[in-house]
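Chains as they are written, first to last, in our numbering: chain A, 1 to 259; chain B, 1 to 233; chain C, 1 to 420; chain D, 1 to 205.
It is worth saying that the hints were derived from the structure and are not from the lab.
Check each hint, because a few of them may be wrong.
Claimed, not checked - Derived DMTMM-like pairs (lysine to aspartate or glutamate); straight-line CA-CA distance at most 25 Å: (1) D/Lys66 x A/Asp187; (2) D/Lys34 x B/Glu69; (3) A/Lys254 x D/Glu67; (4) A/Lys103 x D/Glu163; (5) D/Lys66 x A/Asp8; (6) D/Lys66 x A/Asp160; (7) A/Lys254 x B/Asp31; (8) D/Lys95 x C/Glu378; (9) D/Lys62 x A/Asp8; (10) A/Lys134 x D/Glu163; (11) D/Lys66 x C/Glu243; (12) D/Lys95 x C/Asp303; (13) D/Lys62 x B/Asp31; (14) D/Lys66 x B/Glu69; (15) D/Lys66 x A/Asp102; (16) D/Lys95 x C/Glu322; (17) D/Lys62 x A/Asp102; (18) D/Lys3 x A/Asp102; (19) A/Lys134 x D/Glu204; (20) A/Lys51 x A/Asp102; (21) A/Lys51 x B/Asp179; (22) A/Lys46 x B/Asp31; (23) C/Lys377 x B/Glu155; (24) D/Lys95 x C/Asp350; (25) D/Lys34 x C/Glu322; (26) D/Lys34 x C/Glu251; (27) C/Lys245 x B/Asp10; (28) A/Lys51 x B/Glu189; (29) A/Lys254 x C/Asp350.
As the list claims (entries may be wrong) - Selected chain D positions facing chain B (in silico; Cβ < 10 Å): (30) Ile64; (31) Pro92; (32) Thr150.
Just so you know, even glycine gets a beta-carbon here, dropped at the ideal spot from N, CA and C.
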Amino acid sequence: MNLPYQIDPGYIGLGFVLLFLLLILTFTAILRDKGRRSLGEAGLRKIPAFKKLWRTMNYSVESGKRLHLTLGRAGIGGEHSTSSLVGLSILKSVAQFVSMGDKSPITTSGEGTLMILSQDTTRSAYSSSGVAEKFDQADGQLSGLTPFSYASGTLPIIYDQQTSGTIMVGHFGSEAALIADASENTDCMTLAGSDDLSAQAILVATANEPLIGEELYAAGAYMQIGLTHTASVRAQDVIRWILVIVILVGAALKLTGVF
Amino acid sequence: MSIANLTPIDLVGALVGIFFTLSIFSYALGDNALFRLAIHIFIGVASGYIVVVTWFNVIWPKLILPVLEWENTTNDNLIVLVPLLLSLLLLTKLVPRLTTLGSPVMAFLVGIGVATAIGGAVIGTLFPQVIASINLFDFPTWDQNAGLFWILVIESSFILLGTLTALIYFHFGAHSHNDEPPQRTGWIELIARIGKFFIAITFGALFAGVLMAALTAFVERWNFILTTFLSVF
Amino acid sequence: MAGLLCDNCGAINSPGNQVCQHCQASLEDHLTQPEPISSDGDVPGQSQKFNSTGHLGFPVDDHLGSEGYDSGHKQSPLAELGDVIPIETVVEEISKPKPYSLKIRVTDAQRTNIRLLEKLTRTEAGSRPTPKTSNITTQHIIRILIMLFLILAISWPIFFDPPHLPLPAADSNVSSFSQHILSLPLDAPVLLAFDYEPGYASELDTSTTAVLDQLMSRNAYLTLVSTSTSGAIQAERAISIAEVKAARIYEAPTDYVNLGYIPGGATGLIGLSTGIRSTFPLSINGDQVWQSPALQDVNTPNDFNLVIVITDSSATARTWVEQVRPNLINTPLLMITSAQVEPLIRPYFDSDPAQVDGLIVGLAGSVGYETFTGRIKEASNLWGSFSMSVVAAAGLILFGGMVSAILAANKQGQDYPGGE
Amino acid sequence: MVKRTLLIAVTITTGLVILMGYFINLPALVSVRKIFLNWAIILAAVALLIGLINLIVVHARKIINKEPGSHYSLVLLVSLMVTAVVGIVSGPTSKMSQWIFNNIQIPIETSLMALLAVVLISAAIRFTYRRPTSFSLIFIFTTLIIMLGTVSNPWLNVSWLSELRLWITRVPVVGGARGILFGVVLGTIATGLRVLMGADRPYED
Numbered sequence: 001m002n003l004p005y006q007i008d009p010g011y012i013g014l015g016f017v018l019l020f021l022l023l024i025l026t027f028t029a030i031l032r033d034k035g036r037r038s039l040g041e042a043g044l045r046k047i048p049a050f051k052k053l054w055r056t057m058n059y060s061v062e063s064g065k066r067l068h069l070t071l072g073r074a075g076i077g078g079e080h081s082t083s084s085l086v087g088l089s090i091l092k093s094v095a096q097f098v099s100m101g102d103k104s105p106i107t108t109s110g111e112g113t114l115m116i117l118s119q120d121t122t123r124s125a126y127s128s129s130g131v132a133e134k135f136d137q138a139d140g141q142l143s144g145l146t147p148f149s150y151a152s153g154t155l156p157i158i159y160d161q162q163t164s165g166t167i168m169v170g171h172f173g174s175e176a177a178l179i180a181d182a183s184e185n186t187d188c189m190t191l192a193g194s195d196d197l198s199a200q201a202i203l204v205a206t207a208n209e210p211l212i213g214e215e216l217y218a219a220g221a222y223m224q225i226g227l228t229h230t231a232s233v234r235a236q237d238v239i240r241w242i243l244v245i246v247i248l249v250g251a252a253l254k255l256t257g258v259f
Numbered sequence: 001m002s003i004a005n006l007t008p009i010d011l012v013g014a015l016v017g018i019f020f021t022l023s024i025f026s027y028a029l030g031d032n033a034l035f036r037l038a039i040h041i042f043i044g045v046a047s048g049y050i051v052v053v054t055w056f057n058v059i060w061p062k063l064i065l066p067v068l069e070w071e072n073t074t075n076d077n078l079i080v081l082v083p084l085l086l087s088l089l090l091l092t093k094l095v096p097r098l099t100t101l102g103s104p105v106m107a108f109l110v111g112i113g114v115a116t117a118i119g120g121a122v123i124g125t126l127f128p129q130v131i132a133s134i135n136l137f138d139f140p141t142w143d144q145n146a147g148l149f150w151i152l153v154i155e156s157s158f159i160l161l162g163t164l165t166a167l168i169y170f171h172f173g174a175h176s177h178n179d180e181p182p183q184r185t186g187w188i189e190l191i192a193r194i195g196k197f198f199i200a201i202t203f204g205a206l207f208a209g210v211l212m213a214a215l216t217a218f219v220e221r222w223n224f225i226l227t228t229f230l231s232v233f
Numbered sequence: 001m002a003g004l005l006c007d008n009c010g011a012i013n014s015p016g017n018q019v020c021q022h023c024q025a026s027l028e029d030h031l032t033q034p035e036p037i038s039s040d041g042d043v044p045g046q047s048q049k050f051n052s053t054g055h056l057g058f059p060v061d062d063h064l065g066s067e068g069y070d071s072g073h074k075q076s077p078l079a080e081l082g083d084v085i086p087i088e089t090v091v092e093e094i095s096k097p098k099p100y101s102l103k104i105r106v107t108d109a110q111r112t113n114i115r116l117l118e119k120l121t122r123t124e125a126g127s128r129p130t131p132k133t134s135n136i137t138t139q140h141i142i143r144i145l146i147m148l149f150l151i152l153a154i155s156w157p158i159f160f161d162p163p164h165l166p167l168p169a170a171d172s173n174v175s176s177f178s179q180h181i182l183s184l185p186l187d188a189p190v191l192l193a194f195d196y197e198p199g200y201a202s203e204l205d206t207s208t209t210a211v212l213d214q215l216m217s218r219n220a221y222l223t224l225v226s227t228s229t230s231g232a233i234q235a236e237r238a239i240s241i242a243e244v245k246a247a248r249i250y251e252a253p254t255d256y257v258n259l260g261y262i263p264g265g266a267t268g269l270i271g272l273s274t275g276i277r278s279t280f281p282l283s284i285n286g287d288q289v290w291q292s293p294a295l296q297d298v299n300t301p302n303d304f305n306l307v308i309v310i311t312d313s314s315a316t317a318r319t320w321v322e323q324v325r326p327n328l329i330n331t332p333l334l335m336i337t338s339a340q341v342e343p344l345i346r347p348y349f350d351s352d353p354a355q356v357d358g359l360i361v362g363l364a365g366s367v368g369y370e371t372f373t374g375r376i377k378e379a380s381n382l383w384g385s386f387s388m389s390v391v392a393a394a395g396l397i398l399f400g401g402m403v404s405a406i407l408a409a410n411k412q413g414q415d416y417p418g419g420e
Numbered sequence: 001m002v003k004r005t006l007l008i009a010v011t012i013t014t015g016l017v018i019l020m021g022y023f024i025n026l027p028a029l030v031s032v033r034k035i036f037l038n039w040a041i042i043l044a045a046v047a048l049l050i051g052l053i054n055l056i057v058v059h060a061r062k063i064i065n066k067e068p069g070s071h072y073s074l075v076l077l078v079s080l081m082v083t084a085v086v087g088i089v090s091g092p093t094s095k096m097s098q099w100i101f102n103n104i105q106i107p108i109e110t111s112l113m114a115l116l117a118v119v120l121i122s123a124a125i126r127f128t129y130r131r132p133t134s135f136s137l138i139f140i141f142t143t144l145i146i147m148l149g150t151v152s153n154p155w156l157n158v159s160w161l162s163e164l165r166l167w168i169t170r171v172p173v174v175g176g177a178r179g180i181l182f183g184v185v186l187g188t189i190a191t192g193l194r195v196l197m198g199a200d201r202p203y204e205d
């Protein structure tokens, strides 16, 4: 892009991030004023996958079957960390809910730091529900360290644990199809989302409750995890339209030869 | 591959390869013992090699060697010890009683991770893709070939339409009237529908790509089995 | 479980909390301001929430809220209690004479909690269904049929006269890839990144072999790196295959050097693009390589004459383009990718100026490259079988898809327990 | 409380140093950032070791408790030890390591990939059954065009198919993929910012 005067793209980037931050803070403040009625799905479009997730969580408590969460293979120190963080917040919410049942959720992951955090998250969810003694370290395990060994190591857990549902949220590649398929074979609900586009494409076809693209990142809002989660979904909506306008205006200027 | 120039070790290797290939293929019949045996060996071998790689690539040259060579280097500060210390603290996360010690290292890693994710997303993906979307309308053939020009404009507009509608498809905000489930405003819903069309095409194309990658593996595996069998028997 | 239950999110908070630690919803208002039950059984102010959600404020599907819990009603230890105190009628009768009553305050949520408790005690006492053993199902039969069909399609060109299948021609991506290698000076240092999982070896080995063969013909000094843990050995394997095909001997560290694994994904690549020497103080075999004549001038990837990335992942490909490419001022970046990456990486080749200077995609690209260079015929030998397998797969999807679309028109069923 | 504050401070400081490095070119920042990144790379490798230890512990526990399937765990541990010992003793790129890689890991992993073909075909067949919508029809239709447009076909040699394939990957797919990527970017930034705000604290135990 040849602008008439050159602005360092770094400053634009910084401004963009600050704007985003400001929007999240503003919406948090607005939502706090409105109170809890604004939390959860109120004011958000329906995403069937999350409804099914609630239902499966209820079913899991009733039937005494375990839920299985698999958080992908991205470390928390890398560029795919945010998808893993979404997985962890779903785990927190699930663990708190399921802590009143008699079976704890089982978590698998494909990376060391993620595995540790999955154990920490389950443990803290249990202690906040006053059932800390229920926590077992084997509830958060690592099933393999390379993409395919992670996926294939997850299969026996799905077959042996007789789970009521598999929640796949995190960074996966094409190997995710093996996990989703095994879960479908055992007639489980399979909720699946990844930040990788190829993985999303195959999960759309193999999982019965796929999360497409950005829907994955809205999990916090739909799972009623907290105000900031709902606020950030609102901020994403605003930024979305800013992007649309920037691109449209830019394209129009380009076409008319302004720059 | 011809049997004549196969050494016994290679032959054993080929037979081992066939055994594992068939064990994995047996999964099509459902979860079974052979398949489980193969994947457990696989997980073991893959992890075992990770021990080797991390030792030779990281632990020895980056954690132990700098400390051993500390006296020799002119670098007389303590900074070479920090990675070792951080690594040891991170390892305490494995011991439930000591887990608190490792939390600051986790916090450090989380900080690095989210910053890399945000920075990469803004500088690495968002900016280049926005500029690419705008540059779609940068035509060198401005007044040279009218027919081609309009085809290019239409094609570029189609790409742009796909980008914007797919982005709008994700719009979350919705309103609910009279206890009905929340719904987006009519015109957003309409744009989202167009977006969904583009998303379906994109996913279809990506799915085809993965499937063809998988089919290549299938062809190569079957070819391997056939040629080995044909050369042995 | 001592503590305050948050109506909004179900989290349990320590007593004395004003707001939920979990969702920040206020905990006090329904405790300090008890709202009596109205005549229609609704709690004013909370009615909307409990209508749309179930116990503990979680959205519950209707049939689980009623039918799901009632199915165990008769057998449960608490079932009799339900008969003794028919909650609904009590509420109704007491409510009728006067609009508000404070005697029995049973909300839907509490009722659901009782049912939940019943359900829990029931499942605790009762026997669990025995785990389902895996039998051969229709799914398995379909799979075996798919497999057999594919095997037939693949074997056909091997056993019988292959039908005439024209080889794909080299497109501009492939030809410019080859041009860049041909224009290398002799003995030039080349950086090769083996960023793929062994699972994609079948797809990427053929192109890698053909490219390595051409590089060896220019006597290029190869520097091998990888962001995948098995990349180091994969690179070694690729060199040994290419040695056989090119009838050359390539020895480390005189002809090539294997630097090994870069941990940390994108973080590692940022490190590599700023200083390759600090990322790899030693080669994977522990050799000091940076003093060798071929590498003594190399400090960043830009000091190589060519950078070639072999990858199966669009994220890795993008990271190379976005993090490393900006620092490559006069060094071309070439890519060998799996077919699954193509739709996401092609725009980088098509863009002007191109961010990827040459691209070989999947087996088709590999065949094109082989045709263009006219040296090795590895991928071309597989082309017939591959084409047949793709046509067979497409046929299966088309035929099977039509059958299942027809079946779908006749049936709407339950997919999994707890589902609709 | 002090501990929480400390942890949040660590995250925000490292996060800001790395993030600012993307946008502002300050020499001091650049050098601190380089050191941090170098540590992160080393810690990423340590994370692999942590994963490895967990893997060993989980399977060793299965063997000790004689849980069902513990013989598989034994197999796993033995193959892990053998590979590690061979690799460390004979070298990471030795002939023996290569033999294990070429004849065990490559066949198993490429076979899993091959298995994926069967899984994906059956999923594609079921797709229109499970979700009989226009979305699935467009999806399947595109898949078929891309596949048939890539390969040579003995029955009908149709050049328009490969041209259509090329057009699809050059036009609608580029558009759609960009839109989805933008969405992912928005989600990533929001998730990341929540952590940098201290609102989400995944590192707390």
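Evaluation of the provided hints:
| no. | hint | result |
| --- | --- | --- |
| 1 | D/Lys66 x A/Asp187 | 28 Å, violated |
| 2 | D/Lys34 x B/Glu69 | 21 Å, holds |
| 3 | A/Lys254 x D/Glu67 | 67 Å, violated |
| 4 | A/Lys103 x D/Glu163 | 55 Å, violated |
| 5 | D/Lys66 x A/Asp8 | 63 Å, violated |
| 6 | D/Lys66 x A/Asp160 | 15 Å, holds |
| 7 | A/Lys254 x B/Asp31 | 57 Å, violated |
| 8 | D/Lys95 x C/Glu378 | 24 Å, holds |
| 9 | D/Lys62 x A/Asp8 | 57 Å, violated |
| 10 | A/Lys134 x D/Glu163 | 60 Å, violated |
| 11 | D/Lys66 x C/Glu243 | 48 Å, violated |
| 12 | D/Lys95 x C/Asp303 | 31 Å, violated |
| 13 | D/Lys62 x B/Asp31 | 20 Å, holds |
| 14 | D/Lys66 x B/Glu69 | 47 Å, violated |
| 15 | D/Lys66 x A/Asp102 | 23 Å, holds |
| 16 | D/Lys95 x C/Glu322 | 36 Å, violated |
| 17 | D/Lys62 x A/Asp102 | 22 Å, holds |
| 18 | D/Lys3 x A/Asp102 | 32 Å, violated |
| 19 | A/Lys134 x D/Glu204 | 19 Å, holds |
| 20 | A/Lys51 x A/Asp102 | 23 Å, holds |
| 21 | A/Lys51 x B/Asp179 | 16 Å, holds |
| 22 | A/Lys46 x B/Asp31 | 36 Å, violated |
| 23 | C/Lys377 x B/Glu155 | 38 Å, violated |
| 24 | D/Lys95 x C/Asp350 | 42 Å, violated |
| 25 | D/Lys34 x C/Glu322 | 18 Å, holds |
| 26 | D/Lys34 x C/Glu251 | 34 Å, violated |
| 27 | C/Lys245 x B/Asp10 | 17 Å, holds |
| 28 | A/Lys51 x B/Glu189 | 20 Å, holds |
| 29 | A/Lys254 x C/Asp350 | 19 Å, holds |
| 30 | Ile64 | 17 Å, violated |
| 31 | Pro92 | 5 Å, holds |
| 32 | Thr150 | 6 Å, holds |
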